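So the sequence lines, in the order shown, correspond to chains A and B.
In terms of our numbering, the first sequence is residues 1 to 184.
In terms of our numbering, the second sequence is residues 1 to 289.
These aren't lab readings, by the way, just hints derived from the structure by calculation.
Accuracy of the hints is not assured; some may be wrong.
Quick list of in silico lysine-lysine cross-link-like pairs, DSS-like style, CA-CA up to 25 Å [as the list claims (entries may be wrong)]:
#1 B/114 - A/68
#2 A/75 - B/57
#3 B/92 - A/68
Derived Cβ-Cβ restraints for the label pairs, each shown as a range [unchecked claim]:
#4 B/58 - A/52: 48 to 56 Å
#5 B/58 - A/1: 17 to 25 Å
#6 B/87 - A/142: 36 to 44 Å
#7 A/56 - B/59: 31 to 39 Å
#8 A/43 - B/109: 37 to 45 Å
#9 A/140 - B/215: 49 to 57 Å
#10 B/112 - A/140: 31 to 39 Å
#11 A/99 - B/112: 27 to 35 Å
#12 A/39 - B/254: 36 to 44 Å
#13 B/159 - A/56: 55 to 63 Å
Computed list of chain B residues with no C-beta within reach of chain A, every gap over 12 Å [what the hints assert, rightly or not]:
#14 2
#15 17
#16 19
#17 49
#18 54
#19 56
#20 59
#21 92
#22 106
#23 115
#24 157
#25 159
#26 169
#27 196
#28 221
As the structure is a computational prediction, the values presented were derived from the model and not from experiment.
Backbone N, C-alpha and C define an ideal beta-carbon position, used for all residues, glycine too.
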Amino acid sequence: MTLIKLRPPLTEREVTKLKAGDLVSVSGAMITARDKSYARVLDLLHSHKRLPVNMRGGVVYHCGPLVKKTPRGQKIVSAGPTTSARLDRMQAEFVRRTGVMALVGKGGLGEEVAVELARLGCVYLAFTGGAAVLAAQSIEKVERVLWQDLGDAEALWVLRVRDFGPLVVAVDTKGNNLYLRQKR
Amino acid sequence: MLAEAKFRAAIVKMLRRAEITLPEDVVRALKRSRARERNRIAKLQLDCMLRNLDLAKNLGAPICQDTGTFTFFIQLGSELRLDFDLEKSLSKAVAQATREVPLRANIVDPLTRKNTGTNLGMRQPSVHLEPVPGKKLSIDLLVKGAGAENWSRLFMLRPTDEKIAIKRAVLLTLVEAGGQLCPPVIVGLGIGGSADAACLLAKKALLRPLSSKNPDKKLARMEREITDAANKLDIGPMGLGGRTTVLGVHTAKAACHTASLPVAINFQCWAARRASARLARDYLRVEAP
Numbered sequence: 001m002t003l004i005k006l007r008p009p010l011t012e013r014e015v016t017k018l019k020a021g022d023l024v025s026v027s028g029a030m031i032t033a034r035d036k037s038y039a040r041v042l043d044l045l046h047s048h049k050r051l052p053v054n055m056r057g058g059v060v061y062h063c064g065p066l067v068k069k070t071p072r073g074q075k076i077v078s079a080g081p082t083t084s085a086r087l088d089r090m091q092a093e094f095v096r097r098t099g100v101m102a103l104v105g106k107g108g109l110g111e112e113v114a115v116e117l118a119r120l121g122c123v124y125l126a127f128t129g130g131a132a133v134l135a136a137q138s139i140e141k142v143e144r145v146l147w148q149d150l151g152d153a154e155a156l157w158v159l160r161v162r163d164f165g166p167l168v169v170a171v172d173t174k175g176n177n178l179y180l181r182q183k184r
Numbered sequence: 001m002l003a004e005a006k007f008r009a010a011i012v013k014m015l016r017r018a019e020i021t022l023p024e025d026v027v028r029a030l031k032r033s034r035a036r037e038r039n040r041i042a043k044l045q046l047d048c049m050l051r052n053l054d055l056a057k058n059l060g061a062p063i064c065q066d067t068g069t070f071t072f073f074i075q076l077g078s079e080l081r082l083d084f085d086l087e088k089s090l091s092k093a094v095a096q097a098t099r100e101v102p103l104r105a106n107i108v109d110p111l112t113r114k115n116t117g118t119n120l121g122m123r124q125p126s127v128h129l130e131p132v133p134g135k136k137l138s139i140d141l142l143v144k145g146a147g148a149e150n151w152s153r154l155f156m157l158r159p160t161d162e163k164i165a166i167k168r169a170v171l172l173t174l175v176e177a178g179g180q181l182c183p184p185v186i187v188g189l190g191i192g193g194s195a196d197a198a199c200l201l202a203k204k205a206l207l208r209p210l211s212s213k214n215p216d217k218k219l220a221r222m223e224r225e226i227t228d229a230a231n232k233l234d235i236g237p238m239g240l241g242g243r244t245t246v247l248g249v250h251t252a253k254a255a256c257h258t259a260s261l262p263v264a265i266n267f268q269c270w271a272a273r274r275a276s277a278r279l280a281r282d283y284l285r286v287e288a289p
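In isolation and in its complexed conformation, chain A is listed as follows (with noise of 0.2 Å):
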């Protein structure tokens, strides 16, 4: 199994590369949002504040980890991907706006919310759902967490991750969509 390795910030050149099928992994940075930060990223930007970390080229894991508190900081025990579609309202302007590059999480994306995301150049990228041990194996540290005012889940996580994967790029730029087979 040959992975394509990803190193965020990410360019346009390899993400245009990546095609549906592709298997890859994510080392480096990757931000988590979900429900209400994605609500509150988009707060701050219409009210042309600046996001308090730069998601430019980034890449967002739609997760909402299970932490322990431990005398020597949070640890991410369990950190499995959630659904994505339930941001779908939010997901490309979301994206247009920050300049994110790949979206990690489960289950896809509406059909047009996938052609739009297509068209601002952003990858959607495939975790197992329910395999939350797996992926935190891969975080090799918590670099900071921001907004835990709206709770562990919901708040945006920034990790540093090694070899996070297999991911299975979903939706490519060019508009090829892994989910839309059985519907046809």
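Chain A is fixed; fit chain B onto it per the hints.
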């Protein structure tokens, strides 16, 4: 007499076990599916699931970060005497497991969305108490994440609709949900009763082991037919294509009004977490399913 401390300790043990290890019948079904798949990505998804199960067991970590909500189905003998409040003790056990395992705090107020931080809340955990004769006490626990629960459906079909309409309801929901409910799933199907009864039947059907057969021959046939049709949809593990969309279909029925045909569907994701416990003399024995 069963002491509260012993009861509570057994419930904490049940919660921990359910969150960290899958029942043997589910693991076997996942392995069988892996052997049947021809699609490279489907195989990879199942491999990741199985690898994750090993890691979870070895590290004592919850299989999925969505440690779900808890539904307890309790059969309580009418002659059994307990000197403590069953529901209070269950709540204490849930809060304790949340701190100790630990589990993710998932429970919020439905309107303010404020998280209670303890996995307790109004009517949470959910407890279904069924009185039975004698001195029996048995407890079945179902752990459900939101990914699968969010696709629950209730169809009030026409009484003249035939079996095909029930089948269609399941298949349409599966296609609409695609990968979102973390397939391969177990389908709980409640047929008849009333709106509330059908939903409860559907959820309770998820407790049945995958290796068991429905004693009702007609229902057993329907289960096979829906399973075969669902696995031809090419939704596959995590919706990325493949032969395994459902691990099994479990149906249960109840008599209903002549003018209705309620059909409820409740899905359980591949991380089909459950546990049970039975009263043995003066303690509650947690059984490895």
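(request) Could you check the structure against the hints above and give me the numbers of any it violates, in ascending order? (result) Result: hints 4, 8, 16, 17, 18, 19, 20, 22, 23 break, sorted rising.
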